[in-house]
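Visitor: Whole structure, please, built from the sequences with the hints as guidance.
So the protein lines, in turn, are chains X and Z.
Per my numbering, the very first residue in the first sequence carries number 487; after that it's consecutive.
Per my numbering, the very first residue in the second sequence carries number 487; after that it's consecutive.
These are calculated hints, taken from the structure and not from any lab test.
Some hints here could point you the wrong way.
For chains that are exact copies, the list does not tell them apart, and a pair is met inside one copy or across any two.
Subject to a maximum C-alpha distance of 30 Å in a straight line, what follows is the list of computed DSS-like cross-link-like pairs (lysine-lysine) [stated by the list, open to error]:
| hint | residue 1 | residue 2 |
| --- | --- | --- |
| 1 | K588 | K658 |
| 2 | K649 | K620 |
| 3 | K638 | K588 |
| 4 | K588 | K649 |
| 5 | K530 | K588 |
| 6 | K507 | K588 |
| 7 | K632 | K658 |
| 8 | K638 | K533 |
| 9 | K507 | K620 |
| 10 | K620 | K658 |
Given the structure is predicted, the values throughout are model-derived calculations rather than measurements.
Residue strings, one per chain:
There are 2 protein chains.
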Amino acid sequence: MRDQFHDDLEEIGQTLVQLAKLVKLAMSQASTALLTADLAVAEKVIKEDDVIDNIQHELDAKTIGLMARQQPVASDLRTLVTSLRMSADLERMGDLANHIAKQARMRYPNSAVPPELSLTIQEMGNVCGQIVDKVTLILQNRDAQKALEIEKDDDAMDILHRKIISTLLDPKWPHGVETAIDMTLLGRYYERYADHAVSIARRVYFLVTGEFATQKS
Amino acid sequence: MRDQFHDDLEEIGQTLVQLAKLVKLAMSQASTALLTADLAVAEKVIKEDDVIDNIQHELDAKTIGLMARQQPVASDLRTLVTSLRMSADLERMGDLANHIAKQARMRYPNSAVPPELSLTIQEMGNVCGQIVDKVTLILQNRDAQKALEIEKDDDAMDILHRKIISTLLDPKWPHGVETAIDMTLLGRYYERYADHAVSIARRVYFLVTGEFATQKS
Numbered sequence: 487m488r489d490q491f492h493d494d495l496e497e498i499g500q501t502l503v504q505l506a507k508l509v510k511l512a513m514s515q516a517s518t519a520l521l522t523a524d525l526a527v528a529e530k531v532i533k534e535d536d537v538i539d540n541i542q543h544e545l546d547a548k549t550i551g552l553m554a555r556q557q558p559v560a561s562d563l564r565t566l567v568t569s570l571r572m573s574a575d576l577e578r579m580g581d582l583a584n585h586i587a588k589q590a591r592m593r594y595p596n597s598a599v600p601p602e603l604s605l606t607i608q609e610m611g612n613v614c615g616q617i618v619d620k621v622t623l624i625l626q627n628r629d630a631q632k633a634l635e636i637e638k639d640d641d642a643m644d645i646l647h648r649k650i651i652s653t654l655l656d657p658k659w660p661h662g663v664e665t666a667i668d669m670t671l672l673g674r675y676y677e678r679y680a681d682h683a684v685s686i687a688r689r690v691y692f693l694v695t696g697e698f699a700t701q702k703s
Numbered sequence: 487m488r489d490q491f492h493d494d495l496e497e498i499g500q501t502l503v504q505l506a507k508l509v510k511l512a513m514s515q516a517s518t519a520l521l522t523a524d525l526a527v528a529e530k531v532i533k534e535d536d537v538i539d540n541i542q543h544e545l546d547a548k549t550i551g552l553m554a555r556q557q558p559v560a561s562d563l564r565t566l567v568t569s570l571r572m573s574a575d576l577e578r579m580g581d582l583a584n585h586i587a588k589q590a591r592m593r594y595p596n597s598a599v600p601p602e603l604s605l606t607i608q609e610m611g612n613v614c615g616q617i618v619d620k621v622t623l624i625l626q627n628r629d630a631q632k633a634l635e636i637e638k639d640d641d642a643m644d645i646l647h648r649k650i651i652s653t654l655l656d657p658k659w660p661h662g663v664e665t666a667i668d669m670t671l672l673g674r675y676y677e678r679y680a681d682h683a684v685s686i687a688r689r690v691y692f693l694v695t696g697e698f699a700t701q702k703s
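Guide: The following block contains the structure:
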C-alpha cells in the first residue's frame with residue numbers, strides 16, 4: 487500500500503515537471519509570436535492553454551483523491567498540499583504566456599513591441615526560460631541550492647522591467663501612449679511569470695529544508 | 487471528536503471572513519490614499535499587509551494541521567483544500583491593495599490619478615467593495631445564488647477598465663506617458679482584485695453545488 491502511495495507521489499511530481507515544460511514552451515512561443523508578429527504561433531499558444539489547464543485540473547483531482555484515500559500525515563501531506571500550490575503557480579504561468587500571445591494577436595500584422603524594446607523583451611523571454619529550466623530541475627531533484635539561485639534570475643528580471651519603464655519615460659519616446667500601455671502590460675506579464683517561478687522554487691526550498699528562503703517584499 | 491472537528495472547520499470559515507473584511511478595508515483605504523494623495527493612509531495599508539499575510543499563514547498552518555489530525559474525506563476534505571485556495575486569493579487581494587497604496591505613496595504629494603479618471607477609479611474601488619461584501623456573505627452562509635451575482639459585478643469592473651484604456655488612448659490625453667503607465671497598472675490591480683474575488687465565489691459555488699459556475703475565458 488505504501489509503495490503504491492509513493493508511486494502516486496512520484497507520478498504527481500512527474501506531472502508537475504510536465505507542466506513546467508509546457509509553460510516553458512508556451513512562454514518561449516509567446517515571445518516568438520510577440521517579437522516576430524507571428525499570428526500562427528500566437529494562436530497555437532492561446533489554443534494550448536486549455537491543455538495546460540486540463541492537465542492541472544486532473545493533477546489536482548488526483549492529488550486530492552490521494553489525500554482522501556491515503557490520509558497522509560507530516561511530510562507526505564506537506565508534499566501534496568505544496569503540489570496543489572505549485573500546480574496553481576504553473577497554471578498561472580500558462581495564463582501569462584497566453585496573455586502575451588493575445589497581445590501579439592491583437593497587434594498583428596504589426597508587432598506590439600517597438601524596435602527600441604525588442605532586445606529587452608527578448609532578454610525577458612530568455613530569463614523566463616532560464617528560470618523555468620531551473621524550476622524543472624528543482625522539481626525533478628529537490629535541489630535546495632538551485633532554488634536559491636532563482637532569486638538572482640528574478641533580480642535580472644526586475645532590472646529588465648525597470649529598463650522598459652525608463653525607455654517609456656524617455657522624453658524622446660516616439661511611439662505614443664498605446665504602445666506604452668502595451669509595453670507596461672507586457673512587462674508586467676513577464677515579471678509575474680518570473681514571480682510565480684520564484685514561488686515554486688521557494689515552496690520546494692521550504693519542503694526540503696523546513697525553512698523559508700529569503701523573502702523579497 | 488467529530489464535534490471538535492466541526493468547531494475547527496467553523497473557526498477556519500470565520501478566519502476567512504475576517505480576511506475578507508481586512509482586504510475590503512485595505513482596498514477601500516488604498517483607494518482613498520490614491521484619490522486624495524493621503525500619505526498616512528497609504529502607509530497604513532502598506533504596513534497592515536503584513537497582518538493579512540500573518541493571518542493567512544496561521545490559517546493555512548491550522549488547515550493543514552487539521553488535515554493531518556482528522557484525516558477528513560469527501561466534502562470535509564474538499565472544504566479544507568478550498569479553504570487553502572481561498573486564503574491564497576484573499577492574501578493576493580491584500581497584495582493588490584498594497585500595490586495601489588504604494589503607487590499613491592510613490593506619487594505623493596501629487597495624486598497618481600488625473601482628474602479625468604478620478605471618478606472611474608472611485609467607481610472601481612466601489613465595485614471592489616461591493617464584490618468583497620458579497621464574498622463575505624457567501625463565505626458566511628454558502629449562498630450559491632449570491633456567488634453567481636458576482637459575475638455581473640465583474641462585468642461592471644471590465645467596463646470601467648476599458649474606460650480607463652479608452653481615456654488614455656484619446657488623442658487629447660494631456661498627461662503624458664508616465665501617468666498612462668500608472669493608470670495602466672492601477673487598472674490592472676483593480677481588475678485582478680476583482681478576479682480573485684470572483685475566484686472565491688466560484689470556489690464556494692463548486693463546494694455547495696458540485697458544479698462549475700460559468701467560466702469566462
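Visitor: Regarding K620 and K658, is the shortest C-alpha distance of 30 Å or less found within a copy, between copies, in both, or in neither?
Guide: neither (38 Å within a copy, 47 Å between copies)
Visitor: Using 30 Å as the alpha-carbon threshold, which applies to K588 and K649: within, between, both, or neither?
Guide: both (23 Å within a copy, 20 Å between copies)
Visitor: Using 30 Å as the alpha carbon limit, work out where K530 and K588 are close: within a copy, between copies, both or neither.
Guide: within (11 Å within a copy, 37 Å between copies)
Visitor: Should K649 paired with K620 be assigned to within, between, both, or neither, using CA atoms and 30 Å as the limit?
Guide: So K649 and K620 pass the 30 Å test inside one copy only (24 Å; across, 40 Å).
Visitor: Within, between, both or neither: how does the pair K638, K533 come out at a Cα-Cα threshold of 30 Å?
Guide: between (32 Å within a copy, 26 Å between copies)
Visitor: Cα distance capped at 30 Å. Does K588 pair with K658 within a copy, between copies, both, or neither?
Guide: both (28 Å within a copy, 27 Å between copies)
Visitor: 30 Å Cα cut-off: does K632 pair with K658 within a copy, between copies, both or neither?
Guide: neither (41 Å within a copy, 51 Å between copies)
Visitor: At most 30 Å between C-alpha atoms: does K507 with K588 qualify within a copy, between copies, both, or neither?
Guide: Intra 20 Å, inter 35 Å, cutoff 30 Å: intra-copy only.
Visitor: Between the shortest in-copy and the shortest cross-copy C-alpha distance, which are at most 30 Å for K638 and K588: within, between, both, or neither?
Guide: both (29 Å within a copy, 24 Å between copies)
Visitor: Which holds for K507 with K620 at a C-alpha limit of 30 Å: within a copy, between copies, both or neither?
Guide: Answer is within; shortest intra-copy Cα gap is 11 Å, inter-copy 38 Å.
Of the numbered hints listed earlier, those contradicted by the structure are 7 and 10.
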